[in-house]
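Novice: Spelled out, the chains give:
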Amino acid sequence: MAATEEVKLLGFWVSPFVLRVEWALKIKGVKYEYIEEDIFNKSTLLMELNPVLKKVPVLVHDGKVIAESFVILEYVDETWKQNPLLPQDPYQRALARFWAKFAEEKVLEGAWNALCSQGEEKQKALQQTIEAMEKIEEELGKKQHFFGGESIGYLDIILGWISHYIPVWEEAGSMQIIDPIKFPATTAWINRFLKHPLIKDTLPPREKMLVYFHQRSKELGSTSHGWIRV
Amino acid sequence: MAVVKLLGAWTSPYVYRVIWALKLKGIPYEYIEEDLSNKSPLLLQYNPIHKKIPVLVHDGKPICESTIILQYIDEIWPQNSLLPTDPYDRAVARFWIKFADDKSPSISKLYRTGGEEQEKAVKECLEMLETIEEHGLIGGKKFFGGDKINMVDMAFSSVAHWLEVIQEVAGVKVFEAQKFPRLNTWIQNFKQVPIIKENLPDRDKMLALLKHRRKMLLASK
Chain A
1 MAATEEVKLL GFWVSPFVLR VEWALKIKGV KYEYIEEDIF NKSTLLMELN PVLKKVPVLV
61 HDGKVIAESF VILEYVDETW KQNPLLPQDP YQRALARFWA KFAEEKVLEG AWNALCSQGE
121 EKQKALQQTI EAMEKIEEEL GKKQHFFGGE SIGYLDIILG WISHYIPVWE EAGSMQIIDP
181 IKFPATTAWI NRFLKHPLIK DTLPPREKML VYFHQRSKEL GSTSHGWIRV
Chain B
1 MAVVKLLGAW TSPYVYRVIW ALKLKGIPYE YIEEDLSNKS PLLLQYNPIH KKIPVLVHDG
61 KPICESTIIL QYIDEIWPQN SLLPTDPYDR AVARFWIKFA DDKSPSISKL YRTGGEEQEK
121 AVKECLEMLE TIEEHGLIGG KKFFGGDKIN MVDMAFSSVA HWLEVIQEVA GVKVFEAQKF
181 PRLNTWIQNF KQVPIIKENL PDRDKMLALL KHRRKMLLAS K
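Going down the list, the protein sequences come from chains A and B.
Position 182 (the first sequence) corresponds to 182 in my numbering; numbering is contiguous.
Position 27 (the second sequence) corresponds to 27 in my numbering; numbering is contiguous.
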C-alpha cells in the first residue's frame, strides 16, 4: 500500500451507518481523515460525491468514491487484506450477508420505527423488532465470543450499533427491546463488544445521543407516516 | 457430483436473476416450482426465516436472498464472472445492485395497489428510472457489465422485463422510451442476449395471472 494513500470519510456524528465504517477502518489499522457533515444542511461536497443518495457515510480512497455502508465495508475488506472481516468460506460469507440484511431490515428499521411512532404503529414495530432479535439471539447462542469467532468480524460490525444505540432508543422511546433475562447471549455479546478497545473509544457520547433521539422521535412521531425505510 | 437445486416461482424476477447466473456459468440444476399460496415443507425447511423464493440449495446447504445467492454462485463457480475484479469497480457494481434491490419493490407495488398508494408507487418508480438514466448508464457502455452482462444487469431484471407487463396490468404509464433513451437501449440490448431471451416468463401468461392477482388484491382491501 502506498504511504501517501489518502482515505477520507464523510460522516455524521450520530449515524450508526458511519460508525460501522469507522470500526472497520480502525480494525484494519487504516488511517483516515474524518469530515463531519450536517445532514440537515448538506454540503456541496456531499451532493457532488453522492449525487444518487445524498447520504453519509461516503468513503473517498485516493479520489475513488464509495457510498452505502454495506458496500463500503466489503470494499474495505477487499482493499486492505489484514484482519479479514468476512469469513473465507463462500457459504459462511453467504450466511454473514444474510444475517446482516436480516438485521438491517428487521431490527434496525424495526427499532427506528418503534422509536419514531406512536400507538398501534409503535407496538407493531416493537413486536417485529423483538421477534427479529429472538432469531439473532438464537444465532449468538451458537457462538463463543463474537459472530466472527475469537475476533470481531463483519457481522459484529454490522450489528454493533445495537450495543450502544438500542439502550438509548429504549430510553428515548420509553420501550424495552432487549430484556437481559430473555436475551442472555445478546447481552453477553453486547458487553464483550462494548469492552473491545477499538470500539469503546469510538462511541458517540450517550447524553448527547439521548437529546438528539428524543428530539428526532418527537419530530417524526408527531405525524402519521407509515413505515419509514432506513 | 454436487447437487444444485433452485426453489422458485415462475413469475418472480428474483428467481430469474439466479436462473440467468446458473445458465451463464453452465451449472446444471434441478428447478422446483413453488406454489406460494401453499408453501411446501421443503421451502419452510430451507428458508424458515423469510419463507420466500428463490432459495438455492447446494450440497444440501440453503442460500436465501437472490443477491446473496448471486454472490455465492460467483464465488463458488468463478467462470464467466459476474462482478469486476478491481475492488473499486466491484464497489460501484454492488452500489447499483443494492439500489436495484431497494427500489425494485415499487414496481410490483404498481399492480398491487390502487388510488393514493399506487400514485406513491408511480412516483417512486419514476425516481428510480430517472436515477438509473442519469447516473447508472453513463459512459456509453452497452451493459452495466461493459460488453457483456453482469450481476448489475441481472439485478435490474424487474426493469428489463416485468415493468412493461406490470404497467399494462396496473393501467399506468411510468416507462416511456423517449423519456428514458439510455434505459430503453439497455433494455433492448439486454433482452437480445441469448441467455436472457431464452429464459423469460411467457408475457401473455404473466399478464393474465397478474391481472387476476390485482383483481383479488384490490377486492380484499
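No lab work stands behind these hints: they were computed from the structure.
All figures in this text were calculated on a predicted structure; none of them were measured in a lab.
Here a beta-carbon is modelled for each residue, glycine too, at the ideal position from N, C-alpha and C.
Take the hints with a grain of salt, since some may be wrong.
Claimed, not checked - Cβ-Cβ distance ranges computed for the label pairs, FRET-style:
1) B:Asp202 / A:Lys218: 48 to 54 Å
2) A:Lys28 / B:Asp86: 32 to 38 Å
3) B:Ser37 / A:Glu207: 50 to 56 Å
4) A:Trp13 / B:Ala219: 25 to 31 Å
Novice: Give a verdict on every hint.
Specialist: Hint check results:
1. B:Asp202 / A:Lys218: 48 to 54 Å: holds, 52 Å
2. A:Lys28 / B:Asp86: 32 to 38 Å: violated, 19 Å
3. B:Ser37 / A:Glu207: 50 to 56 Å: For Ser37 of chain B and Glu207 of chain A the Cβ distance comes to about 52 Å; the hint holds.
4. A:Trp13 / B:Ala219: 25 to 31 Å: Violated, since Trp13 of chain A and Ala219 of chain B (Cβ atoms, about 50 Å apart) do not stay within the stated range.
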